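Going down the list, the protein sequences come from chains A and B.
Heads up: the first sequence is residues 1373 to 1691, going by our numbering.
Heads up: the second sequence is residues 1373 to 1691, going by our numbering.
Hints are computed from structural coordinates only; laboratory data are not their basis.
The model shown is predicted, which means the values in this text are computed figures rather than measured ones.
A hint or two may mislead.
Copies of one chain are not kept apart here, so a pair can be met inside one copy or by any two copies together.
[Said to hold, decoys possible] With a straight-line cut-off of 25 Å between C-alpha atoms, the simulated SDA-like cross-links for lysine to any residue are:
| no. | residue 1 | residue 2 |
| --- | --- | --- |
| 1 | Lys1496 | His1592 |
| 2 | Lys1496 | Gln1557 |
| 3 | Lys1473 | Pro1498 |
| 4 | Lys1604 | Gly1642 |
| 5 | Lys1598 | Met1373 |
| 6 | Lys1384 | Pro1432 |
| 7 | Lys1466 | Phe1426 |
| 8 | Lys1615 | Ile1542 |
There are 2 protein chains.
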Amino acid sequence: MNEFEIIEKFFKQSYPSSKGDLALGIGDDAAIINVPHDSELVMSMDTLVSGVHFFDDATPEDIAFKSLAVNLSDIAAMGASPRWITLSLTMPEKDIVWIEKFSSSFNKLAEEYSLILIGGDLSKGPLSITIQAHGTNPKGKSLRRSGANAGDLIYVTGNLGAAAYALRHIQDSVLFPAPTEIEIQRLNCPVPRIRTGTVLRDIATSCIDISDGLLADLGHILNASKVGAEVKLSDIPCSDSLKKIDRELALELALTGGDDYELCFTLPSGIPESAIKDLKSICPIYCIGAITNKTSELYFMNEDDERCEINTKAYTHFN
Amino acid sequence: MNEFEIIEKFFKQSYPSSKGDLALGIGDDAAIINVPHDSELVMSMDTLVSGVHFFDDATPEDIAFKSLAVNLSDIAAMGASPRWITLSLTMPEKDIVWIEKFSSSFNKLAEEYSLILIGGDLSKGPLSITIQAHGTNPKGKSLRRSGANAGDLIYVTGNLGAAAYALRHIQDSVLFPAPTEIEIQRLNCPVPRIRTGTVLRDIATSCIDISDGLLADLGHILNASKVGAEVKLSDIPCSDSLKKIDRELALELALTGGDDYELCFTLPSGIPESAIKDLKSICPIYCIGAITNKTSELYFMNEDDERCEINTKAYTHFN
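Just chain A, same shape as in the assembly (with noise of 0.2 Å):
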């Protein structure tokens, strides 16, 4: 089976029956579509490195799951509705179970969002995979991070620190006891907030994804947008693991500890409690603080409302 007949056999969907804005898809040198005239086409690309992003041991279920979820996860940050996929599979040698076990894993997750595969490439080397996604939004309507006011209530979706916990369970389980089954499959299966996204991107000033820890990715919303945060430490929704450990390794593995795919978004102070019904309707969301006129600095509070340092440092690749 040669690279043709293995995208032919495994990656062709047959779903959805109507092509929609789809010109043309797998199978030619390029994909072609048309997006809607009165929307915005949004488009993030991702890589997951063996050994890097994911155990060298991974299931090709997880890890196809796992490369999906966290590109759509940025397509969700934008409040779009993701609609097509590209995926540059690299691996070692043509293994055919592990690929028929990645592309049914891969294939239900985007059936789930009725997402079409368009294209990509298959070659030799190191296990990696690519995706970039592409989600629309109608035209104008797209979340940036860089709309925070000051007066902004800062949010947050789910709870922080699950995928950092159960990772550093594999790494020291004396430090850190065994994590519920829900905190393992955060690490391996993150869902994107899709859905919480597409309401967010008629009423929230600012989003992103939280990827980097809740201190970077909340950075990056105060530096987009010029302004401060004012951050309560209780306030923030931690992991239930995180509530049994130390409470200062707690807080960092909530902060720093990266992977939770949920969101962080801001939402102006007056803005009605029939819509934050709504968005608890379809999620948890946690008040965690709010947004201050103080350029890029942010403060930690505690519980008598008092500035606090704390001791930690965002994670980057490179660092």
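Starting from the structure of chain A, add chain B where the hints point.
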């Protein structure tokens, strides 16, 4: 310097002065583009892996050039005008000198085609480059593999086998004496046939870029168009060094060596001579045969116009 600073310093381009249809570039969760309502969007993704698609000791300048050029070649094959690119660069260590050279070559080629880098990823791992190129065409004008009709004439641009010859020389300098400077360039820095593609979109019935070798790529046109072809072996334009080696070996390189990044296209037989002249003013083109109605059957003809067998096999990654 962390990944964000690296992107900011080396990849955030200042050109072109007008962002045009780009609503949001590098620096958010995703890029946003407004595709003009009378245009369709053409997208192609390719990955180049160190030790597979280029030698481990290839220069960062050549790697950057080739990575971008092979993607642009796909856009050229669709007849499209390239507009935006995303880049995922995976590298073992943060080597600033390497990145500076890579980005300088990358930005130079991008600038030549007024391309804007709108996003991507920078991560740790074995050296590998994935690029997605995005182009636009007037709606419905993109060239496809599927439009060839019986009676059409088959053309190729430039000549074939140059890159394959240069590669073989590196592997066996006795059987393949020193290639020309141009042939080495064709291996390391192929020039995408962008201008030719945009002229072809108004006159060609089908088009493909020759990356896997003429035999395989013309085969894709025949399969997609449900037609056959007769190709005259002596009319296939071969690179200079191929004329000096054993004829059978030369044909193998020209037909299956791949990495040519020339275009193979079909024109209706009644096309005005002036159109051919216009094309030839951009780059050399050669008629190598004609399309027949024998689905997927490809015959080679000798100089006496008799069918002849060739003993060779198209290149695929996993065969």
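Hints and how they fare:
For a Cα distance limit of 25 Å, the shortest separation of Lys1496 from His1592 across copies, 21 Å, qualifies, whereas the shortest one inside one copy, 36 Å, does not. Taking CA atoms no more than 25 Å apart as the test, Lys1496 paired with Gln1557 passes between copies only; the shortest distance there is 24 Å, against 29 Å inside one copy. In this assembly of identical chains, the alpha carbons of Lys1473 and Pro1498 lie at most 25 Å apart whether taken from the same copy (18 Å) or from different copies (24 Å). In this assembly of identical chains, Lys1604 and Gly1642 lie within 25 Å of each other by CA distance solely inside one copy; the values are 20 Å within and 75 Å between copies.
With identical chains, the CA atoms of Lys1598 and Met1373 are at most 25 Å apart between copies only, with a shortest distance of 22 Å across copies and 54 Å within one. Within a single copy, Lys1384 and Pro1432 get their C-alpha atoms as close as 18 Å, which meets the 25 Å cut-off; across copies the closest is 35 Å, which misses it. Taking CA atoms no more than 25 Å apart as the test, Lys1466 paired with Phe1426 passes in both settings, with 20 Å inside one copy and 20 Å between copies. Taking CA atoms no more than 25 Å apart as the test, Lys1615 paired with Ile1542 passes inside one copy only; the shortest distance there is 18 Å, against 61 Å between copies.
Every hint from the earlier list agrees with this structure, and none is contradicted.
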